[in-house]
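Number of protein chains: 2
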Amino acid sequence: MAAVPSFLIADDHPMVRDALASALGQAFPSAQIAVASTLAQVQAALDREPETDALLLDLDMPGMDGLTGVALLRSEHPIVPIIVVSAAREPAVVRRAYEFGASAYIDKSASLEEIVGTVAAVLDGEIFAPPESEPTDTFSQRAAQLTPQQWRVLALMIQGDQNKQIAHKLGVGEATVKAHVTVILRKLGVRSRTQAVIEARSLAIPVAEPVRP
Amino acid sequence: MAAVPSFLIADDHPMVRDALASALGQAFPSAQIAVASTLAQVQAALDREPETDALLLDLDMPGMDGLTGVALLRSEHPIVPIIVVSAAREPAVVRRAYEFGASAYIDKSASLEEIVGTVAAVLDGEIFAPPESEPTDTFSQRAAQLTPQQWRVLALMIQGDQNKQIAHKLGVGEATVKAHVTVILRKLGVRSRTQAVIEARSLAIPVAEPVRP
DNA sequence: TCAGGCCTTCGACTTTGGTCTGATTGTGGC
DNA sequence: GCCACAATCAGACCAAAGTCGAAGGCCTGA
Chain A
23 MAAVPSFLIA DDHPMVRDAL ASALGQAFPS AQIAVASTLA QVQAALDREP
73 ETDALLLDLD MPGMDGLTGV ALLRSEHPIV PIIVVSAARE PAVVRRAYEF
123 GASAYIDKSA SLEEIVGTVA AVLDGEIFAP PESEPTDTFS QRAAQLTPQQ
173 WRVLALMIQG DQNKQIAHKL GVGEATVKAH VTVILRKLGV RSRTQAVIEA
223 RSLAIPVAEP VRP
Chain B
23 MAAVPSFLIA DDHPMVRDAL ASALGQAFPS AQIAVASTLA QVQAALDREP
73 ETDALLLDLD MPGMDGLTGV ALLRSEHPIV PIIVVSAARE PAVVRRAYEF
123 GASAYIDKSA SLEEIVGTVA AVLDGEIFAP PESEPTDTFS QRAAQLTPQQ
173 WRVLALMIQG DQNKQIAHKL GVGEATVKAH VTVILRKLGV RSRTQAVIEA
223 RSLAIPVAEP VRP
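Chains A and B are the protein sequences, given in the same order. Everything in the first sequence is counted per the working numbering, starting at 23 for the first residue and increasing by one. Everything in the second sequence is counted per the working numbering, starting at 23 for the first residue and increasing by one.
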């Protein structure tokens with residue numbers, strides 16, 4: 023990493039964001055710290071600063087749609103280590119986060135010391151490599167074959183956007199979007215847009231919860 | 023309130039806790055601030071300091087069991103104003119928080135300025151009445167208007183079935199299914215099958231809702 | 001430098017989705 | 001009986017979704 027470490031903190035809760043920023047600021051006094059509160063801001067920040075040493079990414083952010091956002095950022099910036107920060111404790115979420123290319127996973131209920139320690143470990147190159155070994159044909163694996171633009175299209179499909187809207191938001195023709203959709207459906211192994219949305223959304227974070235037998 | 027305001031911050035996330043504490047410390051330089059990370063610690067702190075001016079209470083804490091913890095604290099210390107802090111944005115949760123005796127409700131995604139402002143308002147005796155009086159037009163309410171057969175159609179839509187498959191499974195014609203779909207979309211207030219599936223599936227996912235009266 | 005592969009883009013075409021009009025049948029309540 | 005509504009379907013029609021083939025740009029290895 024560079025002599026001056028650079029961080030990007032992405033969380034829509036100002037409290038959490040500030041806490042992380044100040045903690046990292048103290049631990050790395052010379053660090054350059056940027057913040058973002060939406061997926062769009064994250065993308066913009068990474069475009070400006072592609073050499074970012076670590077991205078601390080909250081999963082419950084506007085536009086993230088859970089882990090699909092991780093995959094999207096991963097495909098756009100394969101070099102930037104992503105440290106997923108989430109309140110979710112479910113092992114399934116953690117595992118999927120690694121499958122989608124996260125370098126580390128931090129539970130929000132961890133202490134600031136632990137968090138700083140994890141960040142330092144990532145900076146030192148200790149990429150907690152995805153213990154990928156099983157060749158199980160999971161949906162996540164199929165999804166990993168998507169190109170950056172295809173991820174963008176899928177992210178908008180998941181929000182319920184129609185091809186025309188997607189085309190407008192991405193600044194391309196509707197025919198192009200349709201072509202992407204066709205490829206996406208084939209790569210995901212489904213037969214319709216609705217099925218793709220269902221599968222992809224099941225990757226998103228189930229918002230904490232429930233108890234009560 | 024006393025000349026020196028006293029706060030109790032209850033949250034099991036160190037990040038959030040520290041952020042709140044420092045924000046309140048800056049806004050009220052002379053304030054006395056205590057923290058707690060479990061319901062038991064909150065109870066102990068309130069027993070020691072029954073004159074606390076404001077309790078900032080996270081809902082997702084060990085032992086809280088959602089809003090029941092609010093009611094418990096309320097009955098033990100009726101004088102202490104409770105400010106519920108939660109990531110939950112659901113109107114139902116907010117409404118119930120007030121029903122259980124909360125003085126204010128703060129969304130975790132609010133800015134620190136807003137939070138400090140809310141705390142100050144509570145200190146001044148402004149009990150925030152639920153601004154939620156409008157007949158909240160929730161998706162669940164709209165969904166309740168569906169007829170039995172429309173539910174069956176929707177259930178199959180949610181599984182990713184196409185109109186033709188649905189018609190076959192229900193033993194009716196495709197035209198009939200289309201007619202049902204049209205009504206379903208209108209009743210749910212969405213514009214496409216995909217959006218209907220997204221909304222309906224998010225409904226099935228358990229939300230932080232203590233029930234069981 | 002050129003061939004091959006991949007991403008992205010798009011137009012033309014086919015299929016599915018969704019609306020509208022209008023109609024028939026059955027059910028339950030007032 | 002009458003009314004309201006659920007359920008069924010047909011046919012026409014427009015919009016959205018999805019497929020196919022093809023072109024240009026970019027990178028990589030021979």
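Mixed in with the good hints there might be a few duds.
As the list makes no split between identical chains, a pair holds if one copy fits it or if it spans any two.
[To be verified] Below, simulated DSBU-like cross-link-like pairs (lysine-lysine); rule was C-alpha separation at most 30 Å, straight line:
(1) Lys191 with Lys209
(2) Lys200 with Lys186
(3) Lys209 with Lys186
Quick caveat, the hints were computed from the structure, so don't treat them as lab data.
Open item on the list: Checking an output row: Lys209 and Lys186, CA cutoff 30 Å. Within, between, both or neither?
Closed with: both (22 Å within a copy, 24 Å between copies)
TODO: Could you figure out if Lys191 and Lys209 sit no more than 30 Å apart (CA to CA) within one copy, between two copies, both or neither?
DONE: Intra 23 Å, inter 28 Å, cutoff 30 Å: intra and inter.
TODO: Since the copies are identical, ignore which copy is meant and state whether Lys200 and Lys186 lie within 30 Å (CA to CA) inside a copy, between copies, both or neither.
DONE: Both. Shortest intra-copy (9 Å) and inter-copy (22 Å) distances satisfy the 30 Å Cα cut-off.
Violated hints: none; the structure is consistent with every hint.
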